[in-house]
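Residue-level listing of the chains:
There are 2 protein chains.
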Amino acid sequence: MFRRVVIWCILISTLVEISFGSKVRHLRWEVEYMFGSPDCVELVVMGINGQFPGPTIRAKAGDTIAVELTNKLHTEGVVIHWHGIRQLGTPWADGTAAISQCAINPGETFLYRFKVDKPGTYLYHGHLGMQRSAGLYGSLIVEVGNGEKEPFHYDGEFNLLLSDWWHQSVQVQEVGLSSKPFRWVGEPQSLLINGRGQYNCSLAAHFSNSSAQQCKFRGNEQCRPVILPVLPNKTYRLRIASSTALASLNLAIGNHKMVVVEADGNYVQPFEVKDIDIYSGDSYSVLFTTNQDPSKNYWISVGVRGREPKTPQALSILNYQPTSASMLPSSPPPITPKWNDYNHSKSFSNKIFALMGSPQPPKTYQRRIILLNTQNTINGFTKWAINNISLTLPTTPYIGSIKFSLKTAFDQKSPPENFPDVYDVMKPPVNPNSTTGSGVYMLDLNTTVDVILQNANALSANVSEIHPWHLHGHDFWVLGYGEGKFSNKDEKKFNLKNPPLRNTAIIFPYGWTALRFVADNPGVWAFHCHIEPHLHMGMGVVFAEGVQHVHGIPNEALACGLTARTFMNDKGN
Amino acid sequence: MFRRVVIWCILISTLVEISFGSKVRHLRWEVEYMFGSPDCVELVVMGINGQFPGPTIRAKAGDTIAVELTNKLHTEGVVIHWHGIRQLGTPWADGTAAISQCAINPGETFLYRFKVDKPGTYLYHGHLGMQRSAGLYGSLIVEVGNGEKEPFHYDGEFNLLLSDWWHQSVQVQEVGLSSKPFRWVGEPQSLLINGRGQYNCSLAAHFSNSSAQQCKFRGNEQCRPVILPVLPNKTYRLRIASSTALASLNLAIGNHKMVVVEADGNYVQPFEVKDIDIYSGDSYSVLFTTNQDPSKNYWISVGVRGREPKTPQALSILNYQPTSASMLPSSPPPITPKWNDYNHSKSFSNKIFALMGSPQPPKTYQRRIILLNTQNTINGFTKWAINNISLTLPTTPYIGSIKFSLKTAFDQKSPPENFPDVYDVMKPPVNPNSTTGSGVYMLDLNTTVDVILQNANALSANVSEIHPWHLHGHDFWVLGYGEGKFSNKDEKKFNLKNPPLRNTAIIFPYGWTALRFVADNPGVWAFHCHIEPHLHMGMGVVFAEGVQHVHGIPNEALACGLTARTFMNDKGN
Numbered sequence: 001m002f003r004r005v006v007i008w009c010i011l012i013s014t015l016v017e018i019s020f021g022s023k024v025r026h027l028r029w030e031v032e033y034m035f036g037s038p039d040c041v042e043l044v045v046m047g048i049n050g051q052f053p054g055p056t057i058r059a060k061a062g063d064t065i066a067v068e069l070t071n072k073l074h075t076e077g078v079v080i081h082w083h084g085i086r087q088l089g090t091p092w093a094d095g096t097a098a099i100s101q102c103a104i105n106p107g108e109t110f111l112y113r114f115k116v117d118k119p120g121t122y123l124y125h126g127h128l129g130m131q132r133s134a135g136l137y138g139s140l141i142v143e144v145g146n147g148e149k150e151p152f153h154y155d156g157e158f159n160l161l162l163s164d165w166w167h168q169s170v171q172v173q174e175v176g177l178s179s180k181p182f183r184w185v186g187e188p189q190s191l192l193i194n195g196r197g198q199y200n201c202s203l204a205a206h207f208s209n210s211s212a213q214q215c216k217f218r219g220n221e222q223c224r225p226v227i228l229p230v231l232p233n234k235t236y237r238l239r240i241a242s243s244t245a246l247a248s249l250n251l252a253i254g255n256h257k258m259v260v261v262e263a264d265g266n267y268v269q270p271f272e273v274k275d276i277d278i279y280s281g282d283s284y285s286v287l288f289t290t291n292q293d294p295s296k297n298y299w300i301s302v303g304v305r306g307r308e309p310k311t312p313q314a315l316s317i318l319n320y321q322p323t324s325a326s327m328l329p330s331s332p333p334p335i336t337p338k339w340n341d342y343n344h345s346k347s348f349s350n351k352i353f354a355l356m357g358s359p360q361p362p363k364t365y366q367r368r369i370i371l372l373n374t375q376n377t378i379n380g381f382t383k384w385a386i387n388n389i390s391l392t393l394p395t396t397p398y399i400g401s402i403k404f405s406l407k408t409a410f411d412q413k414s415p416p417e418n419f420p421d422v423y424d425v426m427k428p429p430v431n432p433n434s435t436t437g438s439g440v441y442m443l444d445l446n447t448t449v450d451v452i453l454q455n456a457n458a459l460s461a462n463v464s465e466i467h468p469w470h471l472h473g474h475d476f477w478v479l480g481y482g483e484g485k486f487s488n489k490d491e492k493k494f495n496l497k498n499p500p501l502r503n504t505a506i507i508f509p510y511g512w513t514a515l516r517f518v519a520d521n522p523g524v525w526a527f528h529c530h531i532e533p534h535l536h537m538g539m540g541v542v543f544a545e546g547v548q549h550v551h552g553i554p555n556e557a558l559a560c561g562l563t564a565r566t567f568m569n570d571k572g573n
Numbered sequence: 001m002f003r004r005v006v007i008w009c010i011l012i013s014t015l016v017e018i019s020f021g022s023k024v025r026h027l028r029w030e031v032e033y034m035f036g037s038p039d040c041v042e043l044v045v046m047g048i049n050g051q052f053p054g055p056t057i058r059a060k061a062g063d064t065i066a067v068e069l070t071n072k073l074h075t076e077g078v079v080i081h082w083h084g085i086r087q088l089g090t091p092w093a094d095g096t097a098a099i100s101q102c103a104i105n106p107g108e109t110f111l112y113r114f115k116v117d118k119p120g121t122y123l124y125h126g127h128l129g130m131q132r133s134a135g136l137y138g139s140l141i142v143e144v145g146n147g148e149k150e151p152f153h154y155d156g157e158f159n160l161l162l163s164d165w166w167h168q169s170v171q172v173q174e175v176g177l178s179s180k181p182f183r184w185v186g187e188p189q190s191l192l193i194n195g196r197g198q199y200n201c202s203l204a205a206h207f208s209n210s211s212a213q214q215c216k217f218r219g220n221e222q223c224r225p226v227i228l229p230v231l232p233n234k235t236y237r238l239r240i241a242s243s244t245a246l247a248s249l250n251l252a253i254g255n256h257k258m259v260v261v262e263a264d265g266n267y268v269q270p271f272e273v274k275d276i277d278i279y280s281g282d283s284y285s286v287l288f289t290t291n292q293d294p295s296k297n298y299w300i301s302v303g304v305r306g307r308e309p310k311t312p313q314a315l316s317i318l319n320y321q322p323t324s325a326s327m328l329p330s331s332p333p334p335i336t337p338k339w340n341d342y343n344h345s346k347s348f349s350n351k352i353f354a355l356m357g358s359p360q361p362p363k364t365y366q367r368r369i370i371l372l373n374t375q376n377t378i379n380g381f382t383k384w385a386i387n388n389i390s391l392t393l394p395t396t397p398y399i400g401s402i403k404f405s406l407k408t409a410f411d412q413k414s415p416p417e418n419f420p421d422v423y424d425v426m427k428p429p430v431n432p433n434s435t436t437g438s439g440v441y442m443l444d445l446n447t448t449v450d451v452i453l454q455n456a457n458a459l460s461a462n463v464s465e466i467h468p469w470h471l472h473g474h475d476f477w478v479l480g481y482g483e484g485k486f487s488n489k490d491e492k493k494f495n496l497k498n499p500p501l502r503n504t505a506i507i508f509p510y511g512w513t514a515l516r517f518v519a520d521n522p523g524v525w526a527f528h529c530h531i532e533p534h535l536h537m538g539m540g541v542v543f544a545e546g547v548q549h550v551h552g553i554p555n556e557a558l559a560c561g562l563t564a565r566t567f568m569n570d571k572g573n
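Respectively, the protein sequence lines represent chains A and B. Using my numbering, count along the first sequence one by one with no gaps and you end on 573. Using my numbering, count along the second sequence one by one with no gaps and you end on 573.
No lab work stands behind these hints, which were simulated from the structure alone. As the structure is a computational prediction, the values presented were derived from the model and not from experiment. Do not rely on the hints blindly, as some may be mistaken.
The list treats identical chains as interchangeable, and a pair is accepted whether it falls inside one copy or across any two copies.
Claimed, not checked - Computed cross-link-like contacts, DSS-like style, restricted to lysine-lysine with a CA-CA straight-line distance of at most 30 angstroms:
1. Lys-497 <-> Lys-234
2. Lys-234 <-> Lys-149
3. Lys-118 <-> Lys-427
4. Lys-351 <-> Lys-489
Here chain A stands alone, though its shape is the one from the complex:
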């Protein structure tokens, strides 16, 4: 009997192995600074295994990723966040310093081991200080599991990871943001496509009125343009993700339309666009068909949205084989929409719906948290605050301090669920009681939570910025966008039928965005503006749910602050 059961077990587990074919993908990574010329200007960049951007991870849905990350920096800690991966059951692998783990010390190795359960286009990046801005990012692509099929057809695929780049060091940027008087980082010098841009020259100089000179490349430069070689009359999947520190972007392919099929690792109802908005933290898949004159090449251009751009567009070339890649396109690069054409942006966002058959949101919410986004001056420092509290991360990671009830580790008072009715979102902030804080929204496990992100006027009159908010540990449904101050009546406009599932959502100037998620993933999760300097200035909140159900946090994740002090043995030394 026992033997028969064993044989059955072996058979079943073999079948599981065959049918899912899931693997553990072991990676050994070393993070260090290195010289690099992302936009043809040599600087120090943060690289992984000598590469910038870091290596692309490719896995299949159901696989386990095991990254042994060694910190080879001399004085800095490091963590890596796997953006878009929900970390079901592995909240300590979320890679958020001070939230899910202690930063990895110089010389030490931390094992990130987590399952990628859902196919899609993701990214990874640093989540300590502003190390993402320093170049610590890369792509994480999850293909459908063996035997599974994407709900669309394509003949080939490309991956574009977009970012922005400064010539001033991140260290100096950080000091400026934390100084009195405040010094802003300014607009990026370059936009990068797969870590490459061209400073002070343009591939398409002959089309532009600017004084930019023509870029000349022999082809082996680190900053050479990215070429996408295609065959005529095929359909390609273009994966696009943005790890910009600041810039909101728009991408267009000359003469080619695109069909959006995926957003943040979730399928969407296919829709056609001439250009696509990509905010920091967003990822998309689009399909395009090479149905144009095959004797020519075409520009792919990336421009800045939402802030008056001082950064030239980034260019890449769609190269119809066997045409030479060095033949520049004969028409000018597509001009991305005007930076402040918010109607264009809203129209795009409003076209995104979940693919039929996607999980639908619960019809009602159990808790509603309204988060007012304001820029404030606190003790002379310029900050962003949420319901008047600017987030300052504690020294001890919440995952440890909440689980083990170390109450002095962070502010025990919960942050407000709302803001005063009288607050005028159209005017500069009048909130004298702004403070910094480290309080947490404690969510009952499995609660359905609605979050209303409420935008407002910044410190200067007639300024309201866009902010892409990113949630860790969950996807949320984007129920709707609206203008002005949210009111309960707006609830009627919520899309409960086919709202898209995302991990990042924008709030438009002076507008609100309504999100819904189920707090079903035990852990502690950041929810924050994905603009790196904004997060640094306090623009985020922390959600915690079911932390008592979190088990097996590695010791290394807790070897700092109060958890280290509490759990280090008396060594009798």
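With chain A fixed as given, assemble chain B onto it according to the hints.
What follows is chain B alone, placed relative to chain A:
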């Protein structure tokens, strides 16, 4: 009976309090980056409590210093080494990352609590990565205990902390030193006196042939010159210490001779000089008498020794009161000796003897360690090696890994005690077996150890550099200097009568320096070239003695690496 004892005890302890008057000096420090213009060019500097250089500590012999050091950096660890303080009984307070403690994490506080037992001129500085170069340093001055007297008279005193300054960030410098091909940091842009220098201008431009323009100051600039206001016909004590990253210096006062009375916190037989050599890590006290024309002011000038200088001399003004400080001296600044006038340097070093009554060295040694200093190429990286091993610090501090026998934490094989007889110190290195390593010289407690520092030719022919070697946890006697390769016959020339006690000693090009110390201070102690990039390139060794007698290491000092992993409880999580 019991009551009488208690009363006696109270009386005695009161007397002790009165007779020694020793105090605990509590200090709360925060380390952070800030904008600063040390040499009139704005950059980011590492400061303490908003000051650069850090606050000067003044204490009396016998006092306890208690610095609560909070790391306010965003991503970097930090430690502070109290240079010249032997840390008797408190080896974990020595502030050497990876040796005496884990670096303090961002946001955390570490308590450095130690006794300053010996009057003298000391300094403190960062000892992680190249944070000293970034500006993390300050002065630590220990006056004689209450009721005690210095063995010399003076009417007033000044303190000059000398340093060198680069415009390239330390981060970029570090990457260059660790790159293939190697990129050297180059000569400093400026020399600083008490954190102030003048880049691209000279106070004494009208005396020089250079194209430097005249410096103009209103008096409130951060980079204004340091003024020493004096009264005529008085004797002043000038404390001088060097925390340079690279430069060997020489200081002279126009028209004034100096009498050297203290070196590295030890009294020396007074001797007169026109100028004084100060290597990185050195400290001195000199006396000078204001016996010159009181209607004039005089230059104090600091110039570079030992490397062909590309850095202008630093200037300060000796201001005879009531003459206006803004009246520039009428004679040119004293010209410090030619950079490669090593005879001048040797003559100075050979004039330093211990003041009569100073502790004398044991007449014999029990262990002799000969340390060959070579520049090497290891796997394509340019390094410095000692007996063919280039020091790479481990992740777990030795103080924990040795005490708790964590044998995988560092190389268990002891480094060599000597180098092959055939080695030609006059030629570029022929040592193909150079390696990196983390081995330790384990010293039996209370052993008398002789260290012979043997200089040699660097990688390029006909180059041999000077290196100031600094020992932690002890003073050593400098028994002598010699030319070429040390041989046992040289022992006869050792000065065993009145060798000076120091914590830093120079090796001259192609020469040797003999040191003796008693390994009587349980702990783990760095012994290294005090040139910051040289240490970074591996130019150091580690001594350990009586570590089993070390007790009470704070948990925070061990909350990293293998000690954290070993001593974190099973939390049952």
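Taking the hints in turn, this is what the structure says about them:
no.	hint	in the structure
1	Lys-497 <-> Lys-234	neither (34 angstroms within a copy, 91 angstroms between copies)
2	Lys-234 <-> Lys-149	within (19 angstroms within a copy, 92 angstroms between copies)
3	Lys-118 <-> Lys-427	neither (42 angstroms within a copy, 63 angstroms between copies)
4	Lys-351 <-> Lys-489	within (22 angstroms within a copy, 90 angstroms between copies)
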